[in-house]
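Peer 1: Residues per chain, in single letters:
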Amino acid sequence: MAEHASDAHAEDGHDPHEIEHIKAHIKVYMLIFAMLILGTILTVAISYIDFGEHWKNIAIGLAIASVKGTLVAGWFMHLISEKKLIYSVMVVTIFFFVALSFITIWSMTGSSLIGGGLNQHSTTGGAAHAAAVAPAHH
Amino acid sequence: MDIPYTTKPRPDTGLYNAKVGIWLFLASEIMLFGALFSSYILLRVGADPKLVWPALAAWPSHSDGLLNVPMGAINTLVLIVSSVTVVMAWASLKMKNFNKFFMYQGITVACAILFCGIKSAEYAAKFSHYHLVLKDGTAFTGHLEPKQYFMTDRKLRQAKVEEITFLKDPQKGHAEASAEHGSGDEAHASHEPEKIKMSDIKRLTFWGPQQSTYFAIYFTMTGLHALHVVGGALVIGYLWLPGSRMWKTNPERFTNRVEVCGLFWHFVDLVWIFLFPVLYLL
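Protein sequence lines correspond, in order, to chains A and B.
Residue 100 is where the first sequence starts when you use the numbering used here, and the numbers rise one by one after that.
Residue 633 is where the second sequence starts when you use the numbering used here, and the numbers rise one by one after that.
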C-alpha cells in the first residue's frame with residue numbers, strides 16, 4: 100500500500116502535461132453542461148407544442164433525451180475514450196437492453212398496434228384495433 | 633497482502649480493478665432499469681387510447697396536469713448540476729487540489745439532498761390527492777377536507793365513516809389551474825367543498841401506485857431511481873467526509889474511488905434524463 104502511494108506521488112505529482120490535459124477536459128465539461136441545460140429547456144418547451152400527431156412529440160422528446168444521454172455517457176463518463184474491454188461489456192449490454200425494450204411490443208400483434216396505441220389523442224384508425232388488444236381494464 | 637491493480641492499470645486491459653467492476657455493475661443496472669422501461673413501453677402502448685384519465689387503463693395526457701412539470705424540470709437541472717460537480721471534483725483531485733474537490737463534492741451532496749426533497753414534496757402531493765368514482769359512474773379528482781394522506785374508501789368504511797367532505801379539482805378546460813395541484817390553495821379558492829355520502833361512492837383512492845397503471849409504473853420507476861440517488865449520495869458523502877482520509881495515504885486510489893462513484897452518479901443522472909420526458913411530458 101505504502102509503496103503504491105509513494106509511486107503515485109513520484110509519477111504524476113509534478114506532471115504539467117497531465118494538468119494541461121485535465122484543464123482541456125474541464126472546458127469540454129462546461130460545454131456539455133451548457134448543452135444539457137439547453138436540452139432540458141428544449142424538452143419542456145417542445146412538450147407544450149402540438150405537432151399534430153402525438154407520436155411526433157414522443158419521437159422528438161426521446162430524440163432530445165438520447166442526445167443528452169449520449170453527452171453524459173460519452174463525455175462525463177469518458178466513454179468516447181474508454182478501453183476496449185469496457186466497450187465490449189457495453190455493446191453486449193446495449194444489445195440486450197434494446198432487445199428487452201422491444202420484445203414486449205414484438206409479443207403484441209402488428210405494427211399497427213404501435214401507431215394506434217401511441218396515437219391516443221387522435222380519433223383516427225388504429226385506435227379501435229388497439230383497444231381490442233389492450234389489456235383488460237377493471 | 634496487496635491486491636494487484638487497485639491503482640495501476642492492468643497491462644492487458646489498461647484498466648484498474650474498480651473501473652472494470654463499476655462498469656460491470658452499471659451493465660447490470662442497465663438491465664434492471666431496462667426491465668422497467670420495457671414494462672413502461674408495454675403499458676404505454678397497451679393503454680386504451682379511447683379512455684380518458686383517471687380511468688384505470690388510460691394514459692394521462694400532458695394537459696391532465698398530473699405531474700408537476702416545473703418540479704420535474706428543476707430536478708432535472710439539479711441532477712445535471714450534480715453530474716458536472718462530481719466530474720469537476722474528480723478533475724480537481726487529478727490536479728492535486730483537494731480544497732476544490734471538497735467544494736465540488738459538497739455541492740454534489742447538496743444537490744442529491746435537494747433532489748430527494750423535491751421528489752418527496754411531489755410524492756406527498758400525490759398521496760393527498762384523490763380519485764373518486766361515484767356509483768352513477770361519474771369520476772372526479774380532488775382533495776379530502778381536512779387534508780388526509782393514503783386514504784381509501786375501504787379504510788373509511790372500516791372506520792364506519794358515513795360522509796366525506798371532498799374538494800373537487802377544477803374540471804377540464806381549467807387545466808392550467810389543476811396543473812398547480814402541488815400548492816393548489818389559490819386554484820381551489822373559488823370552489824366549495826362538497827359533502828358526499830359513502831353509500832354513493834364506488835371507489836375513492838389516493839394517487840398512489842394502486843390508482844392506475846400509469847401511477848404504478850410512475851412510482852416503481854421514480855421510486856427505484858430515488859433509491860439510487862440516496863445510495864449514490866451515501867457513497868459520495870462517505871468519500872467526501874470520512875473517506876477522504878485516504879487522500880493523505882493513497883491519493884491515487886482515492887482519486888479512482890471518486891471517479892468510480894462519479895460514474896455511478898452519472899448513470900443515475902442518465903436514467904433521470906429519460907425518466908423525466910417519458911413520465912412527465914409524453
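If you're looking for bench data, these hints aren't it; they were derived computationally from the structure.
Don't take each hint at face value.
Claimed, not checked - Which chain A residues face chain B? A few, computed with CB under 7 Å, are given here:
(1) ALA133
(2) LEU135
(3) LEU137
(4) THR169
(5) LYS182
(6) ILE185
(7) VAL188
(8) LEU199
(9) THR203
(10) TRP205
We put the CB at the ideal spot given by N, CA and C, even for glycine.
Peer 1: Restraint: VAL188 of chain A near chain B, CB-CB cut 7 Å. Satisfied or not?
Peer 2: holds, 5 Å
Peer 1: Answer holds if the nearest beta-carbon of chain B is closer than 7 Å to that of THR169 of chain A; otherwise answer violated.
Peer 2: violated, 10 Å
Peer 1: Against chain B, run the beta carbon of ALA133 of chain A and see if the smallest gap drops under 7 Å.
Peer 2: For ALA133 of chain A, the interface hint is violated, since the closest Cβ of chain B sits about 10 Å away, which is over 7 Å.
Peer 1: Was the hint right that LYS182 of chain A lines chain B, CB cutoff 7 Å?
Peer 2: holds, 4 Å
Peer 1: Taking the least C-beta to C-beta distance, is THR203 of chain A closer than 7 Å to chain B?
Peer 2: holds, 4 Å
Peer 1: With 7 Å as the cut and Cβ atoms as the points, is LEU135 of chain A at the interface with chain B?
Peer 2: holds, 5 Å
Peer 1: Taking the closest Cβ pair, is LEU199 of chain A under 7 Å from chain B?
Peer 2: holds, 5 Å
Peer 1: Given a cut of 7 Å on the nearest C-beta pair, is the interface hint for LEU137 of chain A held or broken against chain B?
Peer 2: Not OK, violated: LEU137 of chain A not within 7 Å of chain B, min 11 Å.
Peer 1: Is the interface hint satisfied for ILE185 of chain A? The criterion is a beta-carbon contact with chain B at less than 7 Å.
Peer 2: holds, 5 Å
Peer 1: Can TRP205 of chain A be said to touch chain B, with a Cβ gap under 7 Å?
Peer 2: It is violated, given that the least Cβ distance between TRP205 of chain A and chain B is near 11 Å, above 7 Å.
The earlier numbered hints that this structure contradicts are 1, 3, 4 and 10.
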